[in-house]
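From first to last, the protein sequence lines are chains A and B. So in my numbering, the last one in the first sequence is 672, and the numbering has no gaps at all. So in my numbering, the last one in the second sequence is 576, and the numbering has no gaps at all.
Take these hints with a grain of salt, some might be off.
If the Cβ cut is set under 10 Å, some of the chain A residues that face chain B in the computed set are [stated by the list, open to error]:
hint, residue
1, Q59
2, E87
3, G96
4, H98
5, I169
6, L249
7, M642
Calculated directly from the structure, the hints in this document are not laboratory data. Glycine included, each C-beta is placed from N, C-alpha and C at the ideal position.
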Amino acid sequence: MSQPSDGRGGPLRRLADFLDDRTGWRGLVHEALYERVPGGARWRYVWGSTLVFAFMTQVITGLFLWASYSASAQTAWESVWYIQHEMSGGWLLRGIHHFMAQAMVVLLALHLLQVVIDGAYKAPREVNFWLGLVLMMLVLGMALTGYLLPWDQKGYWATRVATNLAGIVPVIGPSLQKLVVGGPDYGHQTLTRFFALHAGFLPATLVLFLVVHLALFRKHGLHARQPITRPDGMFWPDQLLKDVVAMLAVMAVVLGVILVPAARTMLAGGEVDWGHAGAELGAPADPSQPYAAARPEWYFLFLFQFLKVFEGWGATGEFLGAILVPGLIMGVMFLMPILGNWKLGHRFNVAFTLGIMAGVAVLTGLALDEDYYSLWADKAKVAEAAKLFDETGGDEAKLLAAVGGDQAKAAAIAGQFHTVEKIRRSEAFLAAVKTARADAARAAELAGRPERIPPGGALELVRRDPLSQGPRLFAQHCASCHAHVDPAAPEAATILAKSSAANLHAFGTAAWMKGLLDPDQVAGPAYFGNTAHKDGDMVSFVQNDLQDADSWKPADIEAVIAAMAAEAGHGDPQAPAATVARGRELVASDERCGSCHRFRDNGTDLGTACDLTGWGGREWLVGIIADPTHERFYGDTNDRMPSFGKAAEGSVPRLTNEQIGLIADWLRGEW
Amino acid sequence: MLREPALLASEARDGEAQPAWSERRPGGPKRTSGDGAWAAPSPQLTFYFLPNSRPVTIPESAASSVTESIAMRIEPSDSRRGFLAKVAAVACGGIATLAPVAAGVWAFLDPLRRKGAAAAFLPVTDLAAIPDDGVPRQFAVIADRVDAWTGFPREPIGAVYLRRDKGSREVEALTATCPHAGCFIELEGTRCFRCPCHNSTFTLDGGIVQPSPSPRPMDALECRVGENGEVAVKWENFRTGIAAKEASI
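Next up, chain A with everything else stripped away, as it sits in the complex (with noise of 0.2 Å):
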């Protein structure tokens, strides 16, 4: 009922009461606010409130982020690392987006626990409770598409699995997929229809079931909780004062995620790098690298477990964990009006819901105990089973010789390999995590460099780094031969005997150079020892004529190791300029190193030993990875090694030459 507009009182109030005779504002306003509830305001209905809140929010934080973000696969996590590091306020407002959208999952699971177990859903609201799991779909689909937009390592391949996971349902399966990812393979329009599902179609149905399910909601009333005991309140203001202080209480915690990490590090006189603040960014997606820390948000991780279920089954399996029994489920829920009906329908209803909510629970744990089992697992205890199984490989004929034929021990341990097994894959898991968090990182400093991202995108800036690449380079092609330790690391004996080539751990430097002219080092583990030089002229060298105290001083020795180093550019500014002259004198002379060496213009000639001009130089290690064979490396006493470089007429080498690069740059310690 609207005040009449007298043309009384100050130029709001007659604005108010023109736009009201107008529009009739007030009469909205009254119908928004002024809604019976049965039995008084109380906590239990704020759910569906905080879930309005949590979506606007989404819908600001959104917007303004679309405001920044780019979507296509050269840009689009290079504009969210844009939007994350350099500009102010952004690892806010990605952080609010980020974790708000994880927060809307558990709003959903309380809402739908409140609207069953309270029994809301039964006649006549049987609508709006479809109208709200359709509402809930469409939240865990702007949860999925949400997840790849910054199209990271963690991002590209969780979506790899979920549209993988479309492509396995009968009959139209691999044409949905296709559609989804935009073609045949992931890319700029995988990113452009995840970004239009995400941020236009999703978001616009949601609106549209939002209005009909609100519009029911008022048109039915509040269901209240009964028996009704006490009386009614009014929405305005006392229920709306408990859905706001609800609201305000999500927004703390959202923000308690964001900020408490970096309140704790201020407290403890750290400084804070905000840009790692609040959402993480993974590295840049890339195909071509396995990312074994792939897992989906923790809101799937249930279905993630559940898909283990099935493990062994192939496709059937995978149909029956993403596919059937999910559809079951969801299918139970739609009927779940009708079934409330029946005499004991509602008590089904709720022991369901409880059910899925517990194996979900059950499910999320298990997924996480996998994961994260080492940090909890008591190691002691599987000690001896962990040494056995790392001896046997798990084989059940050498574990039985392993423990002197102990038929009871052997079943014993044997029994406790199951648990090593899992606390190696947990190992295995948390090492990818790790790997990932330092790939992320340092894609992120990469990318913070002033010369800034090239226009290829940041993989390329990713590709070309020596300190990502340089290791993964080398375990997959040098380090079947080569370690690649610190002597002085505890793990450094074991590693070392494993080895069937030279350690190039601080190769070119001085400590290295010195190690190679120890007699007792020369023909070991991390030298010449497992190689076919091992009884070669080099370590007869080492072991007899540099021990000749008379020709070879230990002041000569040490002119050579700075000389060497300094040809590597590992040299040591300090050392005395004569020092390292008088080595490279002693290098170059035939009648020490020279006599086989060639070193510069010492005419010496190749082909009985390595050339040592530029010895641990750029060059020098590009050439002998590329092709050890050449008369300037070891000609034809090269051992084992493969010439990298090199490739039959009409073949591929095994490694370009930038990536020989890549690892002569980070055997270096360039980047």
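Take the given structure of chain A and dock chain B to it, following the hints.
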């Protein structure tokens, strides 16, 4: 004013004055006379349970029991508590909404703190490439450019016209950007410059040809010629549409 039904209901119980939420009607919803007097033997009461809700009309004799039950059903809210609740609700709602809005606006305003590259001399060409016939020639200005997250190494970032007179080592440089609205000025044969957007015309040395939409002559750029004939131009952008030549921020 928004009025609470709860308050209205409690007012109703006083029964003294005619309360605002009800109307006494003479047996039907229509007034019988214009002066507001009611004349009928069996009066009825119309209730507006909620502002704007459909009115409910009952015989006056039943009124007391109805108001009684309304008063029972709706929690009588103490007006001060109600006021505090409203203030608290508005405050909490405001704070909760402020966070996303503030974060968004904060990030949205980020471009304001970004500055364009400082004016710097950039090598453009060498003297031999500029014929000494007094006719301007167009050259691209090449520089490293950073566009938000992307760095473009050595890319054309703009164009300049260079000209020199017979035998001179002095080079005049004019930016190709029109001072009127920022279009790209073209050289019309060897006679004059013309902007294709609004036909601003300039002489070959950049002077304005009146009448012109352009508020000022073409913008000259500082130009240096090195010993070996390398020509460098101090690349700058200027604000358009104003008479003064001011560096754009």
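Results for each hint:
no. : hint : in the structure
1   : Q59  : holds (8 Å)
2   : E87  : holds (7 Å)
3   : G96  : holds (8 Å)
4   : H98  : holds (8 Å)
5   : I169 : violated (37 Å)
6   : L249 : holds (4 Å)
7   : M642 : violated (36 Å)
When the structure is compared with the earlier hints, violations turn up for hints 5 and 7 and for no others.
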